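Chains as they are written, first to last, in the UniProt record's numbering: chain A, 1 to 283; chain B, 1 to 226.
The hints are simulated quantities; they were obtained by calculation from the structure and are not laboratory data.
Just so you know, these numbers come straight off a predicted model, no measurement behind them.
A hint or two may mislead.
Claimed, not checked - Derived contacts from chain B toward chain A, CB cut-off under 10 angstroms, selection only:
(1) GLU106
(2) THR109
(3) LEU110
(4) GLU173
(5) ARG179
(6) LEU181
Don't be surprised by glycine CBs; every beta carbon is placed ideally from N, CA and C.
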Amino acid sequence: MNDNESVLGSGGFRKRKHDNFPHGQRREEKENVNPSSALMTSFKSFQLELDTRHDKYERLVKLSRDITIESKRTIFLLHRFTSAPNGEEILNESEVKLDAVRRKIKQVAQELIGEDMYQFHRAISPGLQEYVEAVSFQYFIRTRSLISVEEINKQLIFTTSNSHDKQPHTWSLKVTPVDYLLGVADLTGELMRLCISSVGNGDIDTPFELSQFLRQIYDGFTFIGNTGPYEVSKKLYTLKQSLAKVENACYTLKVRGSEIPKHMLADVFSTKTELIDQEEGLS
Amino acid sequence: PLQHCLFVALLSQTILDNKGAYTALSTLENSLFTKPCSLSSMECCTISFSVPKKCQKAREHFATVRTQLESLKTKFPADQYYRFHEHWRFVLQRLVFLAAFVVYLESETLVTREAVAEILGIEADRERGFHLDIEDYLSGVLTLASELARLAVNSVTAGDYSRPLRISTFINELDSGFRLLNLKNDSLRKRYDGLKYDVKKIEEVVYDLSIRGLNKESTVGAGGEK
Chain A
1 MNDNESVLGS GGFRKRKHDN FPHGQRREEK ENVNPSSALM TSFKSFQLEL
51 DTRHDKYERL VKLSRDITIE SKRTIFLLHR FTSAPNGEEI LNESEVKLDA
101 VRRKIKQVAQ ELIGEDMYQF HRAISPGLQE YVEAVSFQYF IRTRSLISVE
151 EINKQLIFTT SNSHDKQPHT WSLKVTPVDY LLGVADLTGE LMRLCISSVG
201 NGDIDTPFEL SQFLRQIYDG FTFIGNTGPY EVSKKLYTLK QSLAKVENAC
251 YTLKVRGSEI PKHMLADVFS TKTELIDQEE GLS
Chain B
1 PLQHCLFVAL LSQTILDNKG AYTALSTLEN SLFTKPCSLS SMECCTISFS
51 VPKKCQKARE HFATVRTQLE SLKTKFPADQ YYRFHEHWRF VLQRLVFLAA
101 FVVYLESETL VTREAVAEIL GIEADRERGF HLDIEDYLSG VLTLASELAR
151 LAVNSVTAGD YSRPLRISTF INELDSGFRL LNLKNDSLRK RYDGLKYDVK
201 KIEEVVYDLS IRGLNKESTV GAGGEK
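Okay, chain B solo, but in the shape it has when bound (with noise of 0.2 angstroms):
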């Protein structure tokens, strides 16, 4: 009787505990479905003008993520952080590749993963509180270069010829970052061997624009690569 006690006390602990997250994480969840429509409508009219008006709204939609977020922080021991971690590292993967792609579409650059901590209302630092792990913000901005490679083709499809080639340095220059991490072989190994073929992508969508001379006649006013 005694064991029965004990058995039942030490589960029934880790399963609240569970509890409390999940229903966090749902609220959260169904938050997320919203947005991709937002920013893959974005995709189409890149060439438009309306990408900063769209960035703009996307931005809009990170306070509900900020808030939810926040209540998730609550729902677990602050010093927890990795027993729950396999249930939100999905959603905040998805995440930093939203916020990274809104940087990248506002500024071209890579958002830092402070920049994206700050954005979502987290910590960058474990220390500090509930934070995004690195091999998360590196997972996201890897969902990052398969986007790109999708706007790159679409750009060309919109009459944007310009905007692929700048896109090639960029994830030339991720690229070569990525290679230098000594991964092991997990996940973020797997999604990483699948940057190859998007950068492979960029590249024949380059190719395609420069055997043609359509890279010249736009890069002259885009101020581009040479």
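Same shape as in the complex, but just chain A (with noise of 0.2 angstroms):
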């Protein structure tokens, strides 16, 4: 490598750089660091610790990566519900989808048995939430309704694929509370723009079924306030955004509903849209 960059580099830097390397290797032979030392061997053993820990938290980073770009996928897929006529096929991709997914958690629950979950938790967690959004996103859909924890935490529980053990060996992953909390806030942007393109789509009862369920996620948020972890009032404002929205699209709905026809509605709705695309761009 000081080959290469002698011959890149020119100049006093690089030559006052080579002129300093032996007298460095001059000092260590004159201080005779003993490489079999007590001291030595324990920076080893912590050199091969360490290199450990590193290798695990990255194979762990990647992962959460790629869940959370699954689960992205998903959530799009899940946005073309509305308009597409063959919505139950869409539900079932979303599942085959979300089952890919829970595959890659699984692989995280592997890496992580034996291990204290806290420890890696800043490498998964941005995972877990997205994750936690496409499967509340798909739970809304069907069901109307939010998902809880444990319904979460008991999708995440899995079996060893050995068919030659006797005992299966089971093992799971849980979700924590603020993963499923900031999962949750996440979910609410998601159903500002489902609400919006389902007015575009001429479905007028959707709104106010979602401006309901906003406002009762957003009531739950404000007992939390700022006891939560900093993320938690972070996301609220957004949320407190995405509820006004909502709010107005059903307001905007009520006022000149009675006033233009169905078959109308689509256009108003659609100028808005992009207004609020515009509005996210910005902020």
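Starting from two chains that each stand alone, build the complex the way the hints lay out.
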């Protein structure tokens, strides 16, 4: 590498660096650091320990990224639910996608066997939040209600696929309460989009239903207020904005709905959606 | 309404968990404040014969720390160490430094992770319960390095010319040890980047002594380097 540098680099800086090099070596010779001393041996074991830990962390970050991407795709797929005539098909397709995500989460759970989950929590938290968002979105479309943490965690209990094992080994990954809360907070953003696009499709019941639901979630979050983790209060602000957008949509629907025929409502709201999207881009 | 109950239940649990740990920690930190005082007075009289006595006294303080750590252990679920890690990691780092300093003054060796854990009454292994994280241990050791740089300067002022040379050997070994580690771009890495300034400071002291021939006269008695 040093050769490479001397070819690429020129001028005094490089030269100085080279001049310094032998000095450093000589110093170590003089100090005579014994590579097999107790201190050096223990540091070698520290090296191993730290490397193992960092490798595991990186693997988890990668898995978390994969989970995020797949969950996002599922959410986009579910957004097409309102416009597509074959709703059931899309729900099935999303289930297939979520199964793929769960397989990834299984890998995460395998990495975490015998570990303290909170040690690597920062690596996997974004992925889990996104997963909660996707699952709760699908659940909402199906049942029009909020999925509970218990329900989510029930789907995250895995058994070993080894058939020759008599006693199937089970392990599970638990979504932490905070991840769940943040996932639900993200869900509200998706619901806001769902509301606007459902109006665009001429569905005028969904917005009212959604504003009711969002208001409940917002109430829930205000109970937590500032006592929760930092991210919660940040998302609470976004949630409030989403709620306001939905409420405005409902207002317009009520006021203008009486005078505009149903087939023209779509036009009114398609311009409104653009407006909201622009706002989003700015914020 | 159902959702409300859910949210409140979830959060109140988290907050309650935190509170217990906090009260235990604040008492721990209070006892820490008394401790550095006794240690820094120790530095001033490093060359006097009272060093072993001061170390003895410092070790007594660790008894208080042990009981307080003991009560901290009971404040949270044992398998969720890393959930609340941030709350006590800096206290632990400070304690590692204090333990390492005492051990260095006693034997001029680097305290092992196991020994620190024993002094603090905690475990070295994660499996066995409340333990000392390796990164916290290493951070504490790096604090020791800066303190030794200070000690090198002050021992010259106090007329002890052999100690800086011994510190220099020690810190060079420590430096080559740390160079074995592949650190990530985290707080430990930042602390490690400061180590070279400590090494430099001590080298300067050794240089000042060598150029004036001051290292010779005392190393004869102390049986030092060469």
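Of the hints stated earlier, which fail here?
1
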